[in-house]
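From first to last, the protein sequence lines are chains A and B.
Per the numbering used here, residue 13 is the first one in the first sequence, and the count goes up by one each step.
Per the numbering used here, residue 550 is the first one in the second sequence, and the count goes up by one each step.
Treat the hints as calculated values from the structure; they're not laboratory data.
Treat the hints with care, as some may be off.
To be verified - The following label-pair restraints were derived from C-beta to C-beta distances: (1) A:L228 to B:V609: 19 to 29 Å; (2) A:V263 to B:N628: 32 to 42 Å; (3) A:N226 to B:E741: 15 to 25 Å; (4) A:K229 to B:G564: 43 to 53 Å; (5) B:N628 to A:L228: 28 to 38 Å; (6) A:L400 to B:T580: 54 to 64 Å; (7) A:P294 to B:T580: 23 to 33 Å; (8) B:G564 to A:P294: 16 to 26 Å.
As the structure is a prediction and not an experimental result, all values here were calculated from the model.
For every residue, glycine included, the Cβ atom is placed at its ideal position computed from N, Cα and C.
One letter stands for each residue in the lines below.
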Amino acid sequence: MIKFLKSTFEKLIEGTLFLSSTITTLAIVLIIIFLFKEGIGTFNQTPIEDGFSLVVNKNNPVNELTANEIKNIFDQNITNWKTVGGKNDSITLFNIDNIGEFYSDSAIGENFEFLPQCISDYTENNPGAIAFVTTRYTGKGFTGKILTTTKVNISQFISQKEWFPTAQPAAQLGVLPLILGTLWVSFGAILIALPLGLATSIYMAEITSPKIRNILKPLIELLAGIPSVVYGFFGLVIIVPGIQKLFDLPVGETALAGSIVLAIMALPTIITISEDALRTTPKAMKEASLALGANKWQTIYRVIIPYSGSGITAATILGIGRAIGETMAVLMVTGNAAVIPHSFLEPVRTIPATIAAELGEAPQGGLHYKALFALGCILFIITMAINLIVGYVSSKKKYNAR
Amino acid sequence: MEYIITTDKVNLFYGESQALKDISIDFLPNTVTALIGPSGCGKSTYLRLFNRMNDLIDNVKITGDITVEGENIYQKDTNIVELRRKVGMVFQKPNPFPKSIFENVAYGLRVNGVNDMSTLKEKVEFSLKQAALWDEVKDKLKKSAFELSGGQQQRLCIARALAIEPSIILMDEPASALDPISTAKIEELIYELKSKYTIVIVTHNLQQAGRVSDYTAFFYLGELIEKGVTKELFINPKNIKTQNYITGRFG
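Could you build the full structure based on these sequences and the hints that come with them?
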């Protein structure tokens with residue numbers, strides 16, 4: 013009887029363990045599926061908001077425009093239909109707000125009931141016209157042609173240089189500046205954090221007395237526990253004005269400020285992991301080096317660092333991983349201008365900062381909303397690649413001294 | 550004949566506990582001296598005095614005089630790097646660096662400022678030949694030292710120690726982690742190296758001490774119980790503890 017109870021109990025525990033691991037795995041998989049489902053939805057949509065249309069003269073041979081072409085037309089960078097594959101005819105922009113200039117109030121009707129006719133009339137009389145109008149004005153009695161807009165595609169999404177998802181008439185979804193911004197800030201952070209972190213970990217692992225090490229290590233680990241918004245606040249109050257004064261800039265919110273804040277945040281990861289790696293160097297190997305007449309420094313850079321190379325690399329990559337995904341602090345100090353950066357002293361905008369800043373104002377299910385999920389997918393792919401690299405580097409056959 | 554290493558009333562303390570008590574032994578050049586005794590008797594600690602490897606441990610206090618080639622090596626201005634060039638060391642477990650075979654042997658030269666490739670090649674080859682390893686590795690000098698067998702690794706470590714041309718070689722149980730064939734090779738090597746170097750070897754293996762050494766010192770609980778010519782000490786020990794140890798009553 014007791015035996016039976018015992019085996020039932022064991023089965024119960026086994027079942028509980030199985031259940032919890034299944035739930036965890038499922039949750040992760042579901043999150044990823046959700047992310048990608050929403051993200052991929054971006055590429056099924058046109059960059060023109062639902063309920064609006066672009067209309068032209070019915071004889072205009074142009075049938076389809078891309079988001080970029082629409083933007084250039086409305087910014088008057090493209091002024092001839094020839095540029096977008098039409099006839100040699102100049103483009104006339106028609107704004108619905110100016111309809112009063114062309115038609116009298118009575119022609120339009122009291123409740124705008126004749127507006128479709130007016131628009132038809134206008135497009136018919138101006139062969140080069142293009143108008144951005146509400147779709148309901150293109151219904152009954154409309155004689156112009158409604159243009160289709162090219163759907164957002166993945167190569168455009170990644171290579172376009174403009175991120176302006178709320179632009180009218182067509183949303184501009186180019187994530188290149190965001191990807192570059194993310195990479196710039198992270199790269200700068202690593203440039204600062206790696207030498208500092210490596211130096212600190214070498215100091216802690218090899219040079220200082222255990223006493224100081226026992227004070228330093230918890231302190232550095234404490235750094236990892238500070239909320240990122242506090243780092244952002246610190247950056248905003250100290251680093252940003254500092255950079256502004258130091259380089260005599262109009263604004264201090266730059267990629268450099270982001271890099272410095274991120275570097276400070278990545279330091280605990282880099283230091284703890286590489287220090288652990290340095291300390292795994294067998295004592296015998298250090299002794300062998302010293303016994304051959306090498307001094308402390310020679311031993312450190314000729315034996316200890318090469319021996320713990322894979323650990324240091326893993327530490328660095330994990331540090332980058334943290335930097336790339338970091339949101340709040342970066343959002344606060346980088347200035348958030350979605351332009352391709354040319355130097356560290358320019359504002360940039362990173363992917364996570366974009367998501368955090370814009371998701372609240374993007375209508376759910378809309379193009380903007382989905383585009384932000386697509387950004388999340390890109391971020392996910394980048395960090396996953398980083399994790400895979402870490403796995404590969406740290407599993408690389410370690411030189412085992414027997 | 551002049552002694553190459555002398556130790557006079559050496560005491561060593563790890564914090565409060567005393568690991569060596571009044572040890573006085575002198576070593577003749579071109580001899581092999583074996584330090585024997587049960588574990589924890591202080592023989593390795595004693596060996597590590599000669600190249601100041603004990604410096605790496607915190608809280609060590611040493612009294613007494615230790616000279617190498619006539620110089621007191623525990624003075625404030627002693628050049629430890631210089632000392633360690635003169636006094637090479639081979640450790641208990643083979644501990645090659647995570648580098649190629651060539652770079653392992655060249656390491657000591659490189660850290661001492663030799664970077665000329667032809668000199669390096671020449672000395673690496675010479676050292677590997679001395680360590681009886683050249684024929685086995687001459688075609689794979691660029692390979693990682695970890696690809697060698699344990700015995701080969703240990704001979705590599707000996708070659709590495711020989712490359713900087715020391716006059717003394719300390720061996721801390723150099724064959725204890727090796728199989729009998731590799732052990733025999735190391736012992737043979739010790740015998741050959743004697744003509745050029747002074748060797749001090751710590752060993753647990755009494756037969757090994759009997760085979761390779763000219764002199765033997767028996768340590769017990771931090772004290773030097775007996776020292777003398779190996780044959781005499783083994784055949785006719787003067788102290789009862791020595792006798793008990795070498796006849797296997799304890800140890």
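Each hint, compared with the structure:
1. A:L228 to B:V609: 19 to 29 Å: holds, 25 Å
2. A:V263 to B:N628: 32 to 42 Å: The hinted range 32 to 42 Å is violated for V263 (chain A) and N628 (chain B), with Cβ atoms some 57 Å apart.
3. A:N226 to B:E741: 15 to 25 Å: Hint violated: Cβ distance 49 Å, outside 15 to 25 Å.
4. A:K229 to B:G564: 43 to 53 Å: This hint is violated: roughly 24 Å between Cβ atoms.
5. B:N628 to A:L228: 28 to 38 Å: The hint (28 to 38 Å, Cβ to Cβ) holds, given that N628 (chain B) and L228 (chain A) are roughly 32 Å apart.
6. A:L400 to B:T580: 54 to 64 Å: holds, 59 Å
7. A:P294 to B:T580: 23 to 33 Å: Holds, since P294 (chain A) and T580 (chain B) (Cβ atoms, about 32 Å apart) stay within the stated range.
8. B:G564 to A:P294: 16 to 26 Å: Between G564 (chain B) and P294 (chain A), where Cβ atoms are some 24 Å apart, the hint holds.
Consistency with the previously given hints fails for numbers 2, 3 and 4, ordered from lowest to highest.
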